[in-house]
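Line by line, the protein sequences are chains Z, Y, W and G.
Residues in the first sequence are numbered from 13 upward in steps of one, following this note's numbering.
Residues in the second sequence are numbered from 13 upward in steps of one, following this note's numbering.
Residues in the third sequence are numbered from 13 upward in steps of one, following this note's numbering.
Residues in the fourth sequence are numbered from 13 upward in steps of one, following this note's numbering.
Certain hints may be false.
The list cannot tell twin chains apart, which means a pair is met if one copy fits it or any two copies do.
[To be verified] Calculated cross-link-like contacts (lysine-lysine; reagent style BS3-like; alpha-carbon spacing at most 30 Å):
| id | residue 1 | residue 2 |
| --- | --- | --- |
| 1 | K187 | K81 |
| 2 | K350 | K322 |
| 3 | K22 | K43 |
| 4 | K187 | K43 |
No lab work stands behind these hints: they were computed from the structure.
Because the structure is a prediction, the values reported are computed rather than measured.
Protein chains: 4
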Amino acid sequence: MTQKINTSIKTLGPAKVKSPLPVCRFVDDEKLISMNISPEMLGEEENGPLKMLFEEAGPRQNLYFDPSKTKCAVVTCGGLCPGINDVIRSIVMEAYHHYNVPSVLGIKYGLQGFIPDYSHPVMELTPQNVSQIHEFGGTILASSRGPQPPEEIVDALERMNISILFMIGGDGTMKAAQIIQEELARRSNKMSIIGIPKTIDNDVNFVSKTFGFDTAVEKATEAIRCAHTEALGAPYGIGMVKLMGRESGFIAAQATIALKEVNFVLIPECSFELQGENGLLPHLERRLKNRGHAVIVVAEGAGQELFERKGADPSGNIILGDICSVLRREIDDYFQEKDIPITLKFIDPSYIIRSVPANSNDRVYCGFLGQHAVHAGMAGKTGMLVSMLRDRFIYLPLTLATLRRRTLNTKSNYWGSVLASTGQPISMLNKCCEKNN
Amino acid sequence: MTQKINTSIKTLGPAKVKSPLPVCRFVDDEKLISMNISPEMLGEEENGPLKMLFEEAGPRQNLYFDPSKTKCAVVTCGGLCPGINDVIRSIVMEAYHHYNVPSVLGIKYGLQGFIPDYSHPVMELTPQNVSQIHEFGGTILASSRGPQPPEEIVDALERMNISILFMIGGDGTMKAAQIIQEELARRSNKMSIIGIPKTIDNDVNFVSKTFGFDTAVEKATEAIRCAHTEALGAPYGIGMVKLMGRESGFIAAQATIALKEVNFVLIPECSFELQGENGLLPHLERRLKNRGHAVIVVAEGAGQELFERKGADPSGNIILGDICSVLRREIDDYFQEKDIPITLKFIDPSYIIRSVPANSNDRVYCGFLGQHAVHAGMAGKTGMLVSMLRDRFIYLPLTLATLRRRTLNTKSNYWGSVLASTGQPISMLNKCCEKNN
Amino acid sequence: MTQKINTSIKTLGPAKVKSPLPVCRFVDDEKLISMNISPEMLGEEENGPLKMLFEEAGPRQNLYFDPSKTKCAVVTCGGLCPGINDVIRSIVMEAYHHYNVPSVLGIKYGLQGFIPDYSHPVMELTPQNVSQIHEFGGTILASSRGPQPPEEIVDALERMNISILFMIGGDGTMKAAQIIQEELARRSNKMSIIGIPKTIDNDVNFVSKTFGFDTAVEKATEAIRCAHTEALGAPYGIGMVKLMGRESGFIAAQATIALKEVNFVLIPECSFELQGENGLLPHLERRLKNRGHAVIVVAEGAGQELFERKGADPSGNIILGDICSVLRREIDDYFQEKDIPITLKFIDPSYIIRSVPANSNDRVYCGFLGQHAVHAGMAGKTGMLVSMLRDRFIYLPLTLATLRRRTLNTKSNYWGSVLASTGQPISMLNKCCEKNN
Amino acid sequence: MTQKINTSIKTLGPAKVKSPLPVCRFVDDEKLISMNISPEMLGEEENGPLKMLFEEAGPRQNLYFDPSKTKCAVVTCGGLCPGINDVIRSIVMEAYHHYNVPSVLGIKYGLQGFIPDYSHPVMELTPQNVSQIHEFGGTILASSRGPQPPEEIVDALERMNISILFMIGGDGTMKAAQIIQEELARRSNKMSIIGIPKTIDNDVNFVSKTFGFDTAVEKATEAIRCAHTEALGAPYGIGMVKLMGRESGFIAAQATIALKEVNFVLIPECSFELQGENGLLPHLERRLKNRGHAVIVVAEGAGQELFERKGADPSGNIILGDICSVLRREIDDYFQEKDIPITLKFIDPSYIIRSVPANSNDRVYCGFLGQHAVHAGMAGKTGMLVSMLRDRFIYLPLTLATLRRRTLNTKSNYWGSVLASTGQPISMLNKCCEKNN
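One chain only, chain Z, in its complex shape:
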C-alpha cells in the first residue's frame, strides 16, 4: 500500500489582511498537490511507493503582513549562478508593484552583510534601480561564502525591523535559514524566512531543476564544442572539459546529450578505474586508435574514490581532490609510456558558465521563484523555500530540502541515454545500471 506523507509549512500566525492582488490569481492553502516520491529523497531505503502532499505555490487571498507596514530584505549567498539578479528583480517588482510594500532592503556580500564588523552598507532596492539588472550576470548584492553567527544575524534583522527575509543560496544557506528561523521562533519574533534555492550543481533535494541550470548547460556546450574542435585539430587530440558538479553530474550529463560530441563523461555518482580492462585509459586509447580524437567531460567531483579524504573547508564543504589534474597527468604518462604522442587541451570554463546572464527559460523560472517567494512571505509562511518539483511550483519545508543532496539516478533511462550518446562502455562505470546488468 502506498504511504501518504503530508508536508506542512510553518506560519507566523493567522492571515487576516486582505490581499491587494487582482482576485483571479489566488491559491488555496488547502489545495495540496500529490506526487509520487522516490523513498531515496527522504533518505530512506527503498521500501515501496510513497505519495507526498505539497502546498501549491501562489498568491494567497489573506495575508499575515499588512503590506503598507512590511519591510523586506534580500540576501544572496555562495557562488554565482545565472539568474540571481532576475530573482532579486522579481522580488522587488512583486513586492512594490503588486503588494505596494514600501521598502525592500538589499543586504550586501551575503551573510557578512548582517555582521556589523564588516560594515558593509545596506542598499535600498527599488523598481527603478533593479529594472535592468537582469541584463547582467552575477548579483548586484554581491555575495560571500561561509556561515556567520545566527544570533548576530537575527540581532541585525531585528535592528532593521525586517518583516520578511528572502535568502537566495545553496545547501549551506538553506541550513542557515533554518537556524535563523529557529532562533527567531525562540525569540518569538514574527519574521518570515523564505529560501530560494540556488546552486549551479542542481543538487537540491525536492527541487527538479535549480535556476540557472539551463543557462549553465548552454554555456557548457560551447566549451565542449571548443574542446571537440581542438581535439579534431591535432594528431591524437584529446579535449577535456571540467564542469561543475561536486557531488552530482547533472550539468555534465545534460551538456553531454545536448551537444553529442562527448566520448567519455565522468560524474561523481559513478566510480571508475584508470587502468585495467575496464579502465578509462585503455578505453581512451582504443577510441583514439579508432577515431583519432576524443572528448572527455569531467564533473569536478568525479573520481573522488581515487583520493584520500581531505577534510572540509570553512563553509563545511568537503575539499575535493583535483581529478582533472590527476587525469591529465595519468593520460600523459600512459601515452608517453606507450610512445603514442597525444595532444591534450584542457578547458575549465567554470567562471564563464556561472557569471553570464540567464537565458529566457531561466528568466521565466526566476521570475516565478521571486513572485512565489513574495506570496509566501506576505502570507506569513516561514521556514520554507520555493521549489519547482516536476513541473509544479510548491512551498517546501527547509528541512526536506536540506535532508540530503540530490544526485543523478544512474539507473534511469536518462543516464542510459547519456551513456549511449557517448558510446562509452557501460562496463567502464561502476554503480551504473548495476541492478539490471
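The hints should help you fit chains Y, W and G onto chain Z, whose structure is shown.
Same frame as chain Z, but now just chains Y, W and G:
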C-alpha cells in the same frame, strides 16, 4: 468521483524479437502513467476531475520488427522550427547505432516526396551524413505544405518497402498520419506510422511543450529587446513585434515574461477592443503620456474578432486577418487625429525565429523524441506520436493529439503573471480571468 | 602632375591653455597626413591623381578652453545605429576623467531637445550614469528626425552656456552642424561644433567606415543565414533579405561576402532589369532549375530606376520606391505564369540590425571617435567632424563630408569579389565593371 | 631625405597563360603601393623616414600555370585560430570556380602530413566538401606543431606533383616555407610556395592584423565581462584573465579598450614590478580599497623579466614562465600578510577563444586572403605571403615577414588610450611612453 480513461496504443502484432539494446533501459508496456487531465483537452465541458492513463515512452524488451530487416523512413512537413535536424539525427543514430537497422531513408520536400509526379529524389540517411546537421537550422530533408493523396503515399511506402515511417509535422501532418495508418490497416500492411509533433505555435493537444519552443522564445526576446530600444529611442516611440501564434499565444506570453519590457501583449485567446474605455488605443495613449514609450507584442492570430471570416488555404488553415497592419493603421490614425506625433517601429522576426538551430534545452528534448520514436516503431506500435506531457515522455494515440488545438489557459496564474509583468489592465482583455472577476 | 589640396580646420582662437593630459600623447596641429584621393570624392570628374592633406586627430598640447570652465553638450540625431551609447560614454569619460570638465549635458530627442516648445528635459551625463550604457543598444539620449530652426538651436545653446556641442548624426545632421556653426560665427559666439558621423548606410564622404557598420554586417549575416535555411527548406525556395542602403550597397555587399550563401545581390549603384536576356527573373529561374533554391539580398535603395521619382520627406530624404514589394510581386507573377510553384520568404531585419549593442570592433572604434571629438573641441576646433579615413583618425571640415554621399566603387576588385561570391552574372548589372568590359 | 625601398616578389618564370577570370579585375604587377614604414620593422635603429614599395595583391592578367594542368595543395600548421576554414574554403572556391583548377589536395596534420612515416592520408578538397566548413571553428585539415625535414617535404610535394602549395601558419611556418622554397629552387623545381600568415598573437611583421584577431578579441571580452562580474560578486573580488600574447599584447590591449572594465593590463612589451611604490601589488591594494574590486588582464608573455630564461620547446619557441601562477601566488601572499581577505577568480579562456568560428569581419578578410593567395600562385609568384598592411592587400616576400616579430608600439596614442581606459598609472609600467615622460 474521478473518471479514469485508459489510452491504448495500436500495435502491428505481437513483439517477439529480442531487443539488442543494453538491458537496463527497458520500459514495460503495462506500466501506465496516470495524470490528472482537464476535460477541455478531450473537447468536453468541464464536468469534474479526469484521470488518464498513458503508456510510458522508452525502449521495449521485445520488438515487432527484426532490426536486421527493418527499413525506416523519415519525412518532415510544414513550416520550419528549431530542432528538426536534431530529431532526424536522433532517429538515424538510434536506429543505426543501437538497433543496427541497415537503412533509414529521407523523404525530401514533405509529403510531395512520396508522389512520383514531383520526382524528388530519396536520400539515404547515415550516421556520417547526419552527424553535424544539428548545428544548422531548418531541415536537411526540406519540407512542403499541404496534403497529398494518402493512397499514393501508401503506394510509395509499399514500393520502397518501408517498415517504419517517422512523420515530423504539425496538426495537419498528424491528421495525415492517421489517414495513412488507416489506409495501411485497410491493406493489412504491417507498417508502423510514428508521429513527432512539430509546431512553432506550441499548440498540440496533450503535448506540454513542442520542440523548438524554448529556442523560439529566446529569439523572440531578442526582437522584443530591439523593439524596446527603438521605442526608447524616439519621442512617443512604439515598438511592435509580431510573433507566431495562429490560435494560441504561447510564444507571445512566454517571451513577454522572459524579457519584462512588454507593455501590451495581444493573443488569440483574449479578444480586445481598439476604441472605448477599455480599448487598446486609449490605454496606449495613457502609457505614452506617462512613460514616453511602449512595447506591444502581438501573436499573429490575435484580434481576429476584428475581421470577417476569410476562408481557408489549401492546407486547410484558416486565413488570418492581418492584425498588425490593422493595428499600425489604427494607431497611426488615432494619434494623428489627436495631433500626437508618434514613431512606430514594426518588427516581424518570424523567419529569423524559426530557422535557427535549437538551443541546448531543445536539443536534449529533440534527442529524446527521436529515440522514443524509434523505440515505439521497433516495438510495432503505430498510429501514435511521442509526447512530453508535464515532465514525462509518453506514447499518445494520434486521435487524442488531433482532437483539438491546445490554447493558453487565460484563467491560470501563468497568464496572470504575464499580464502583471506588462502592467496592462486586465479589463482590456475579454475572456481573461472572467470567471473570478 | 599630382595636385595637392590642403584641408584646414576652423578654430575659435589661439590655444593657450596647457592640456592636463599625460604629455606623451600630444599630436601636432602641423603634422598633416597625406593621402591619395579619388577626384570623385570632391565631386569632380576624373582628372588625374589627387593628394590631400588632413589634420591628424588626437590630443593637443594647448587647449582653447579652460577645462574647469568648460560645459559640453551631446546630441544624437536620426535613426539608431550600433555604438551610439559607446560614443556618448567615451565623450563623457574623456571629458570628465582626463580633462576634468565639470559638466556634460545630454540633449534629449535630437534637435527637438533644443526647442522649448517640445519641453524635453536636459539630462546631466556623468561617469556614473553612463558607465554601463555601452551594454545596451540605441541611444540613452533618444533621437528624432528632421531639422529644427538653427536660430532657436543657437539660442538654446547660448542659454545653456555651452562651450562644445558634440553632434552625433548623419548627413542631415552634419549639414545642420555646419549651419549652426555659421550662425555661431555670425554671432561671434566662441562655441565649438564637433560632428561625429553616424549612418547605418556607411555612406559618408571621406569616412572609410562609419561606426556600427561591422555590427550591422554581423547581424545582417544572421538574417541571410536564416533566409538560406528557409530557401533550402522548401521546393524552389527563395529567401529574400532587405538590408539598409538607401544610396549605397555597403552592408549588402559586405554581408554577401561574409556569409557566402547569397546568389543575387542588388544595390543602388548598379541598375538592373527584371525581364529579358539579362533580367533578374530569367536568371533566378535558371538558378532555381539548377540548384533548387536561391538567396537574394536587396539594399533598400536598389532598383530605383524602376520607379518614378517620388519627392522627398520632411528631412529632405528622397522617398524610395519599395523595391522589395515590387520584386516579390514580379517574382510571384513570373513563376505563376510559368506554372512553377515557388516558396518565397521575405525577411526585413532592419530594426534588429540597427538597435543591438556594438561588437568589440565597433566599441574600440566608437571609443576613439569620442576621445578624438573631445580633443578637438577642447583645442577650440569647430565646424569639423572626426573621421577614420583608411586606417587613420583625422579631423575633417564638415564641408568635405557633406559634399556628396559615398557610394561603392563598382569597378573595384572588392565589388568584383562580391559578384564572384554570388555567382551572379556580371552582365545582369549595368554600370558595373563597364569601363573594362 | 626619405629612403625608398623596393620589395620584389620572386617568380617561377614568365607568365604567358591568359587568365580565365572576368577581365575587369586585373592588377598590374608594376603597380606598386608606396607606404611609410617605421625602420623598426626592418629591424633597424630609427634613422629617419622610410618609404617602401609593395606589390599589390590581386588577379593577374597572365598566369604562369596553365589552370587545367595545375594541382594545388593546402596545409595548416600550428595552433588553432578563428578563420582557418574560411581561408581553406576560399582557396578551394577560387581555384575551382574561377580558375577551373582540377584538383586541390588537403595535407592533413600540418607538416607531418608530408612525412610518409606518419601515414596521414591526403584529402581531396572540393567545392562540395568545403562549402559549409566556415561554420565550424578549427581546421578540417587538422594541424601539428614543430618542423619536419624540408627535403622530405619537397620529396613529398614532387611525388604528388604539386604546382602550388598554400601554407597557412605562423612565424615558424613562414620560415619553413622559405626553406622549402629555397630547396625547390635548388632542385630547379617550378613549384610555387605561398604563405598565409596565421597567428592568434597578431605579431607578424608587415601584417597590420592577422585573421582571427577580431574574433579572438570579441571572445576575450566575454571572458573579461565574466571576470568583472565575478570581481563585483565578492568582497575584495579580483578577476584575472589570461589572454594570448607570447611576445606582444595586442589581444590584451584591444580587449581592454573594447570592454572598458579592465583595471590593470599587463603585456610583454612593458615590464613591471610586483612590490614597491610602483609595484602592481600596492596599486592593486589601492584599487581594492577605493572601489572594492579589480579586473586584471594578463598577456601570457607578460612579466617574463620576473623569471630566469627557460630554453625553447621543439618548435623553437621560448618556454615562457607561468606569469599568472606567479601573480596569483604573490597576490594571495601579499593580502594574506596584510590580513585583507580577497577573493581571486582566474579565467584562462585560451582554447575557447581560438577554436570558435570567425565573425563576419574575419570571414571577409579570410575570403580575400584565400583569393589573393590563389591569384599569386597562379601567376607563378613564390616565396611570398599575402598580407594586409594598413588597409591594403599586398604580396610580401617571406623574408620581410620573418625578420622579426611585431610588437605593440607602447609610445603610441593607441597604447595611451588603453592605459587611460584602465586608469592604471603609467608609472607602473616601464618602457611605456618613456621617451616623453
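Results of checking the hints against the structure:
1. For a Cα distance limit of 30 Å, the shortest separation of K187 from K81 inside one copy, 28 Å, qualifies, whereas the shortest one across copies, 58 Å, does not.
2. Taking the shortest alpha-carbon separations for K350 and K322, only the inter-copy value of 28 Å comes in at or below 30 Å, while the best intra-copy value is 33 Å.
3. Taking CA atoms no more than 30 Å apart as the test, K22 paired with K43 passes inside one copy only; the shortest distance there is 16 Å, against 37 Å between copies.
4. In this homomeric assembly, K187 and K43 come within 30 Å of each other (Cα to Cα) only inside a single copy, at 27 Å, whereas the closest approach across copies is 38 Å.
No hint from the list above goes unmet by this structure.
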